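*Asks:* The lines below spell out each chain.
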Amino acid sequence: MTTQEIATLFKGEVVGDPNVEIRRVAKIEEAGTGDLTFFANPKYEKYIASTNASAILVSNGFDTTRTVASRLVFIKVPDPYVAFLQILKRVTPMPDPFPKGIHATAVIPDSAKLGSGISIGAHVVLGENVVVGANTKIGHGCVLGDGSNVGENSVIYPNVSVYHGCKIGNRVILHSGVVIGSDGFGFAPRSDGTYEKIPQLGIAVLEDDVEVGANCTIDRATIGQTLLKHGVKLDNLVHIAHNVVVGENTVIAAQAGISGSTKVGKNVVIAGQVGIVGHIEIGDRSVLMAQSGIPKSTEPGKIYFGSPAKDHHRAMRIEAVIRSLPELAKDIEQLKRSLEELRNRLSESKP
Amino acid sequence: MTTQEIATLFKGEVVGDPNVEIRRVAKIEEAGTGDLTFFANPKYEKYIASTNASAILVSNGFDTTRTVASRLVFIKVPDPYVAFLQILKRVTPMPDPFPKGIHATAVIPDSAKLGSGISIGAHVVLGENVVVGANTKIGHGCVLGDGSNVGENSVIYPNVSVYHGCKIGNRVILHSGVVIGSDGFGFAPRSDGTYEKIPQLGIAVLEDDVEVGANCTIDRATIGQTLLKHGVKLDNLVHIAHNVVVGENTVIAAQAGISGSTKVGKNVVIAGQVGIVGHIEIGDRSVLMAQSGIPKSTEPGKIYFGSPAKDHHRAMRIEAVIRSLPELAKDIEQLKRSLEELRNRLSESKP
Amino acid sequence: MTTQEIATLFKGEVVGDPNVEIRRVAKIEEAGTGDLTFFANPKYEKYIASTNASAILVSNGFDTTRTVASRLVFIKVPDPYVAFLQILKRVTPMPDPFPKGIHATAVIPDSAKLGSGISIGAHVVLGENVVVGANTKIGHGCVLGDGSNVGENSVIYPNVSVYHGCKIGNRVILHSGVVIGSDGFGFAPRSDGTYEKIPQLGIAVLEDDVEVGANCTIDRATIGQTLLKHGVKLDNLVHIAHNVVVGENTVIAAQAGISGSTKVGKNVVIAGQVGIVGHIEIGDRSVLMAQSGIPKSTEPGKIYFGSPAKDHHRAMRIEAVIRSLPELAKDIEQLKRSLEELRNRLSESKP
Chain A
40 MTTQEIATLF KGEVVGDPNV EIRRVAKIEE AGTGDLTFFA NPKYEKYIAS
90 TNASAILVSN GFDTTRTVAS RLVFIKVPDP YVAFLQILKR VTPMPDPFPK
140 GIHATAVIPD SAKLGSGISI GAHVVLGENV VVGANTKIGH GCVLGDGSNV
190 GENSVIYPNV SVYHGCKIGN RVILHSGVVI GSDGFGFAPR SDGTYEKIPQ
240 LGIAVLEDDV EVGANCTIDR ATIGQTLLKH GVKLDNLVHI AHNVVVGENT
290 VIAAQAGISG STKVGKNVVI AGQVGIVGHI EIGDRSVLMA QSGIPKSTEP
340 GKIYFGSPAK DHHRAMRIEA VIRSLPELAK DIEQLKRSLE ELRNRLSESK
390 P
Chain B
40 MTTQEIATLF KGEVVGDPNV EIRRVAKIEE AGTGDLTFFA NPKYEKYIAS
90 TNASAILVSN GFDTTRTVAS RLVFIKVPDP YVAFLQILKR VTPMPDPFPK
140 GIHATAVIPD SAKLGSGISI GAHVVLGENV VVGANTKIGH GCVLGDGSNV
190 GENSVIYPNV SVYHGCKIGN RVILHSGVVI GSDGFGFAPR SDGTYEKIPQ
240 LGIAVLEDDV EVGANCTIDR ATIGQTLLKH GVKLDNLVHI AHNVVVGENT
290 VIAAQAGISG STKVGKNVVI AGQVGIVGHI EIGDRSVLMA QSGIPKSTEP
340 GKIYFGSPAK DHHRAMRIEA VIRSLPELAK DIEQLKRSLE ELRNRLSESK
390 P
Chain C
40 MTTQEIATLF KGEVVGDPNV EIRRVAKIEE AGTGDLTFFA NPKYEKYIAS
90 TNASAILVSN GFDTTRTVAS RLVFIKVPDP YVAFLQILKR VTPMPDPFPK
140 GIHATAVIPD SAKLGSGISI GAHVVLGENV VVGANTKIGH GCVLGDGSNV
190 GENSVIYPNV SVYHGCKIGN RVILHSGVVI GSDGFGFAPR SDGTYEKIPQ
240 LGIAVLEDDV EVGANCTIDR ATIGQTLLKH GVKLDNLVHI AHNVVVGENT
290 VIAAQAGISG STKVGKNVVI AGQVGIVGHI EIGDRSVLMA QSGIPKSTEP
340 GKIYFGSPAK DHHRAMRIEA VIRSLPELAK DIEQLKRSLE ELRNRLSESK
390 P
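Residue numbers (the working numbering), protein chains in the order written: chain A, 40 to 390; chain B, 40 to 390; chain C, 40 to 390.
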């Protein structure tokens, strides 16, 4: 593809040579001759002068006048990152790491119902009455428990464990080491200080278009179901406790954890290492900033930060004061001294 | 079972129709006709008016007069949740996800000692001289290293890894993805900035009735043993470092981590995402609240919160002041101005 | 070995019987007759009087006069812990948990290139064109994806998953449950609130002498590579996002997480449960204390603490004030009252 062809594709404009041939895409700091790169995050501005890329996607508003003398070709487009991703997909072959068909070492009972075009890897084990939909790929070493269910066009990477009875939708992606349907953490204390295990009789359900990062754990419900709704995306090492419900298109970053029976709304953004207590509701479209601890229900559309979490603007104002606390403490000491001095002067000034 | 039979079982009392037949149990917000539910957590009070359950377990002190006109039958019992769990176990068949016997694909050396009535899943690998007690179930894809040891009536879910030499007691439950006996994190710095690995020659020991949640990691000791004593319960993704000792009946919620050589007492409650430094002692029956960071030893029976953690009552008082810090900072500015004004008035008032 | 032989080995000095025979090593609180132990951490001083060890390594400056009457033999050396480790390695046989050769149940395509002296466990699966270097050991149940690459003398414990195309160096250690090369967490929002997956086309690279703890997750790059440089050491359950670079000899404690595209310098120390945002740079030799949240780039050699993190000394001063906030708030109330009182007195004193 030439720089002009790329510009045309996105209704953009070339500043520089329109006939440069693009063969690969690369990050701005790693790009070389023949590479297309992009500029979207201001943190990377320093690389524009030094990049070895042949062309760079920039936003329509980008000022190329100061740099137009360089041999770097600018392609102005409405959204450089989205355009970059489109070109990325065109020029980079997407490898398919799943072999065709069913491997001879897979253990598959007669009771399994398998769709057409599926891939089942080596040493996979399916329990009784497992259903796997058409074109779904199950990586080496995965275990799908009795009566579990996977939809169509889903991808399960190696060494995933799905417990009995759990249901996984269409176009779902589970990364390696994920555990779906492990027992919820429920124990009733006995009078002697020991605990009685509460049976965990529900299931875990992942609706369509859910993606779950490596080594996440999603517990089954005590009764009923733990539920990740359509389009939920989990990063790595996320913990979802029993009976949690996560709403449509909510994204949860790495190492966050949600305690039992909490209901998370839709289009929520939960940043890394956030912890949420049990039995509360997280409002739709709310944002929970990194490492926040959420002790009670949150309102829709609001941003929270801190442990325990507060409204984000309030938390920022509090944090600003916290940073000046040593000086504030000195101010208070000084105020005490000044007041004492005034008191003395006042006493002296009295006849 | 009828509502009266349930009431009689727990020495309770029926308010409403004593002859309603109960077929299933369900959560209050999901229950339908024929279902028994329960009310214990005040957060769920709003559902009492709207639930479709046929009967509800409530505590003896619950006031049914305002709602008694409804078709919902109330069963008053001393502890609604415990009663609910008992009925749950009676009416719900508990599936056994482990097939009988030893699967043909399991790799079991002649040196293994296997008890009667055990279940060993497909593609399990036992090392040399492994001992598995009677009626223990080992899920598909598990690996038990050389000389490791599992007691009787234990349950190990699929894809668990137990390193060589580790010892697991009776009635222990290990969920999928658990790693027992990985090397402790020990390195001696060399003068050139690189690190020399400290050999990890000890083992990890789990006593009877321990339960370990999905994808937890429990390191082996450098020398001696990492030890989880009787009845310890771990939620998912918990990290236990080398040479840690956790006392009887201590419960540790998800994503908490305990650093090397720390000794945790018995009947301690460690909430989610708590971090504990190494080489300290956590007193018996102490409670560490969510996301707390514990920098030094704690006293028995006390409650801690914060990072770094403080006595819980003190932490609550501090948090209350933190929430008003922006106003306090303004107060200090106002005090400075008022004082300056007073000082000026005093100077003027002097002759 | 006798106490004198040990002293001679480290150019040390025996205080007590030089002819005591040492057969084992043990921790100070667990040591018995015939055992050598060591004293390095002041927290363990209380055990010196009560230990049953036969001999103890202490530093050259240790004052033995108060205790020299005991039967415990002191061996003074420059570094007791390093000396202890040396003796540990001498007297304790290091077990090799990896069987020789290639297990019959391993799935190995003809396209694999395997070095001499390797160990490949049961139910291992190698993809197409995998390269495994000489003397490397791959534990039971591991999966190495198409085109992945492991160097010489590396050790991969059971149930590790390495995705296609990833590269692992020489003398690398991967503990059980590790996932290398899972997709980075990248999604482009669509206008309807759903997300489009950004293809993750790069790889993950681990250079020589890297060690990765149990159940860590290291994502592949979007483009280019996620990179752990020579000698990086990760504890358990650490999360490394896409396109992160970690410099030489940096150590990262358990449950820490690093967000996408962040560049961590060399010889950095990252403590447990630290979270680092994306697209920043962590300076060489900086230290990030436990549970810190790092919102922006850090300077080389500095120590940081807090969430959000501050310079460590500053954070300690702030924390000291935080601990006294309830009293400071009272001081401010008292100041207000005193000032009002003074104002009144001043008004009265005026004619």
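Calculated from the structure, these hints are not laboratory results. Being a predicted model, the structure only gives us computed values, none of them experimental. Some clues are possibly wrong.
All copies of an identical chain are treated as equivalent in the list; a pair is satisfied when it fits inside any one copy or across any two copies.
As a list, the in silico SDA-like pairs of lysine to any residue whose alpha-carbon atoms are at most 25 Å apart [stated by the list, open to error]:
{"hint": "1", "residue 1": "Lys302", "residue 2": "Gly140"}
{"hint": "2", "residue 1": "Lys128", "residue 2": "Arg210"}
{"hint": "3", "residue 1": "Lys236", "residue 2": "Asn174"}
{"hint": "4", "residue 1": "Lys152", "residue 2": "Ser386"}
{"hint": "5", "residue 1": "Lys82", "residue 2": "Arg210"}
{"hint": "6", "residue 1": "Lys139", "residue 2": "Gly340"}
{"hint": "7", "residue 1": "Lys50", "residue 2": "Arg63"}
{"hint": "8", "residue 1": "Lys128", "residue 2": "Glu338"}
{"hint": "9", "residue 1": "Lys82", "residue 2": "Gly263"}
{"hint": "10", "residue 1": "Lys128", "residue 2": "Asp247"}
{"hint": "11", "residue 1": "Lys128", "residue 2": "Gly186"}
{"hint": "12", "residue 1": "Lys152", "residue 2": "Asp102"}
{"hint": "13", "residue 1": "Lys139", "residue 2": "Lys236"}
{"hint": "14", "residue 1": "Lys335", "residue 2": "Glu235"}
{"hint": "15", "residue 1": "Lys349", "residue 2": "Asn306"}
{"hint": "16", "residue 1": "Lys236", "residue 2": "Asp247"}
{"hint": "17", "residue 1": "Lys206", "residue 2": "Glu68"}
{"hint": "18", "residue 1": "Lys236", "residue 2": "Thr144"}
{"hint": "19", "residue 1": "Lys375", "residue 2": "Pro365"}
{"hint": "20", "residue 1": "Lys236", "residue 2": "Asn306"}
{"hint": "21", "residue 1": "Lys369", "residue 2": "Met355"}
{"hint": "22", "residue 1": "Lys206", "residue 2": "Val130"}
*Asks:* The structure should be examined with respect to each hint, and the outcome stated for every one.
*Replies:* Results of checking the hints against the structure:
In this assembly of identical chains, the alpha carbons of Lys302 and Gly140 never lie at most 25 Å apart, being 39 Å within a copy and 41 Å across copies at closest. Taking identical chains as interchangeable, the C-alpha atoms of Lys128 and Arg210 lie at most 25 Å apart only when both belong to the same chain, with a minimum of 19 Å there against 35 Å between chains. Taking the shortest alpha-carbon separations for Lys236 and Asn174, only the inter-copy value of 19 Å comes in at or below 25 Å, while the best intra-copy value is 39 Å. Taking identical chains as interchangeable, the C-alpha atoms of Lys152 and Ser386 are never at most 25 Å apart, the minima being 95 Å within one chain and 93 Å between chains.
Taking the shortest Cα distances, Lys82 and Arg210 never come within 25 Å of each other, neither inside one copy (35 Å) nor across copies (36 Å). For a Cα distance limit of 25 Å, the shortest separation of Lys139 from Gly340 qualifies neither inside one copy, at 45 Å, nor across copies, at 52 Å. Only within a single protomer do Lys50 and Arg63 lie at most 25 Å apart by alpha-carbon distance; the minimum there is 21 Å, versus 61 Å between protomers. In this assembly of identical chains, the alpha carbons of Lys128 and Glu338 never lie at most 25 Å apart, being 38 Å within a copy and 37 Å across copies at closest.
Taking the closest pair of Cα atoms, Lys82 and Gly263 come within 25 Å of each other only across two copies (19 Å); inside a single copy the shortest separation is 47 Å, beyond that limit. Taking the shortest Cα distances, Lys128 and Asp247 sit within 25 Å of each other inside one copy (23 Å), while across copies they are farther apart (32 Å). In this assembly of identical chains, the alpha carbons of Lys128 and Gly186 lie at most 25 Å apart only when taken from different copies (20 Å versus 37 Å within one copy). Taking the shortest alpha-carbon separations for Lys152 and Asp102, neither the intra-copy value of 59 Å nor the inter-copy value of 52 Å comes in at or below 25 Å.
Taking CA atoms no more than 25 Å apart as the test, Lys139 paired with Lys236 passes between copies only; the shortest distance there is 23 Å, against 43 Å inside one copy. Taking the shortest alpha-carbon separations for Lys335 and Glu235, neither the intra-copy value of 28 Å nor the inter-copy value of 31 Å comes in at or below 25 Å. In this assembly of identical chains, the alpha carbons of Lys349 and Asn306 lie at most 25 Å apart only when taken from the same copy (20 Å versus 32 Å across copies). Only between protomers do Lys236 and Asp247 lie at most 25 Å apart by alpha-carbon distance; the minimum there is 14 Å, versus 32 Å within a single protomer.
For a Cα distance limit of 25 Å, the shortest separation of Lys206 from Glu68 across copies, 21 Å, qualifies, whereas the shortest one inside one copy, 43 Å, does not. For a Cα distance limit of 25 Å, the shortest separation of Lys236 from Thr144 qualifies neither inside one copy, at 36 Å, nor across copies, at 32 Å. Both within a single protomer and between protomers do Lys375 and Pro365 lie at most 25 Å apart by alpha-carbon distance, with minima of 16 Å and 17 Å respectively. Proximity of Lys236 and Asn306 under a CA criterion of 25 Å is satisfied inter-copy only: 16 Å between copies versus 35 Å inside one chain copy.
Taking the shortest alpha-carbon separations for Lys369 and Met355, both the intra-copy value of 22 Å and the inter-copy value of 16 Å come in at or below 25 Å. In the homo-oligomer, the alpha carbons of Lys206 and Val130 lie at most 25 Å apart only across protomers (23 Å), although the nearest pairing inside one protomer, at 36 Å, exceeds that limit.
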